[in-house]
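As numbered in mature numbering (1 follows the signal peptide of the UniProt record, and there is no 0), residues -24 to -1, 1 to 284 make up the sequence shown, in order.
If you're looking for bench data, these hints aren't it; they were derived computationally from the structure.
Watch out, some of these pointers could steer you wrong.
[To be verified] Here are the computed lysine-lysine pairs in the DSS-like style, where the Cα-Cα straight-line distance is at most 27 Å:
hint: 1; residue 1: K112; residue 2: K10
hint: 2; residue 1: K56; residue 2: K10
hint: 3; residue 1: K112; residue 2: K66
hint: 4; residue 1: K40; residue 2: K66
hint: 5; residue 1: K148; residue 2: K112
hint: 6; residue 1: K148; residue 2: K180
hint: 7; residue 1: K56; residue 2: K66
hint: 8; residue 1: K40; residue 2: K56
hint: 9; residue 1: K10; residue 2: K148
hint: 10; residue 1: K180; residue 2: K56
hint: 11; residue 1: K56; residue 2: K112
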Amino acid sequence: MSNPNNINENRAALLVILCFICAGQHFYTELSNKLEATLRGYKQTSMDSNLCELLVKLTCLLVKGCDRKNIDQFSIDILKALEYISPEEKHEIRRYNGIRSLKEIALTAPLRYYHLITPIDEYFGQLFSVMADPNKYIREAFAETMRVTLTVLADREDEEQEKNLFLQMACKESMTCLASDQNDAQVHGGLLLFNELLRISDMKFESTYQDLFQSYKVMKSKVFSYKNIHRARFAFTFEQIGLSSPINIIDSLEQSSVPSQSFLMRSIFLENFLEICDQILPLIHQSKSTNAHVLIQILPRLASLNYE
């Protein structure tokens, strides 16, 4: 990993590290103490978005696995990530690095993340700086980060939060981006944000929607190879690792983001339902395929809010 420009070699090295992490708790703790700082330094020079994503995941796992009191490293990481997604940052990989880091921290340590992002309205204001990023993959990474963040907030929603305006702020920001005089990147970013707000407004429908979506996925038949046999020989060993093992963390992080309902968000949508429909429905005639793809996801969720 001495040469940051050799992407294939560096990806291979990272996958080897991941294999050692999955080998058991002893390797996990030892590698966490030895490599966490090294990977953090390399992350600053990574020039590939896919490599950057893997680096962010590994770094968060290693931080959590350190036997020293290193959980406060997440506070430093969040500040650095917010610096990367600031409007002054011109390097697109750094912007992607920043927004992905926020998502992975939220998945790895949700409670710590919740305390570090308060006050939430100010944090949302910083996140929105990448909502209309010129690069589609960064806008989609923003949507994924918002999904995890909104889930963390919905899980901890209480009456005291009614005084906060961050949900109204997010809804207003998405509607502003959907105005007719905005460019394609802003409209796409606004649709992505609006879709994530809809996801947490109706947990019952979201669960049904996901079940139906999964049932229509076409399963690809696997091509027989000796590589699959070799992999299967070790599958049983990995399945026996305890709940605290990194392999279980890796497999369950995405699944742990279960749809959660925000009753505050639902009430905001119902109060402004007709105005929202008046702004969303004309976008059906948008010719951009990226916008049409998000609209296909939005329309059934929007209809579920008010069947009348």
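- Message: Tell me if the straight-line CA distance from K56 to K10 falls inside 27 Å.
- Response: Roughly 21 Å between the alpha carbons, so the hint for K56 and K10 holds.
- Message: Does K56 sit within 27 Å of K180, going by the straight-line distance between their CA atoms?
- Response: violated, 37 Å
- Message: Tell me if the straight-line CA distance from K112 to K10 falls inside 27 Å.
- Response: Distance of about 35 Å is beyond 27 Å: violated.
- Has the given pair, K112 with K66, been kept, meaning a C-alpha gap of at most 27 Å? The given pair, whose Cα atoms are some 15 Å apart, holds under the 27 Å limit.
- Query: Is it true that the CA of K40 sits at most 27 Å from the CA of K66?
  - Reply: At roughly 30 Å apart (the allowed maximum being 27 Å), K66 and K40 break the hint.
- Would you check the hint for K10 and K148, treating anything up to 27 Å between C-alpha atoms as holding? Roughly 45 Å between the alpha carbons, so the hint for K10 and K148 is violated.
- Message: With the threshold set at 27 Å, check whether the alpha-carbon distance from K148 to K112 stays at or below it.
- Response: holds, 22 Å
- Item | Satisfaction of hint between K112 and K56, Cα-Cα up to 27 Å | holds, 22 Å
- Can the restraint linking K148 and K180 be considered satisfied, given a maximum Cα separation of 27 Å? holds, 25 Å
- Message: Hinted pair, alpha-carbon criterion (27 Å max): K40, K56. Please report holds or violated.
- Response: holds, 18 Å
- Message: So if I understand the rule, the pair passes when the alpha-carbon distance is 27 Å or less; does K56 with K66 pass?
- Response: holds, 15 Å
Checked against the numbered hints above, the structure violates hints 1, 4, 9 and 10; every other hint is satisfied.
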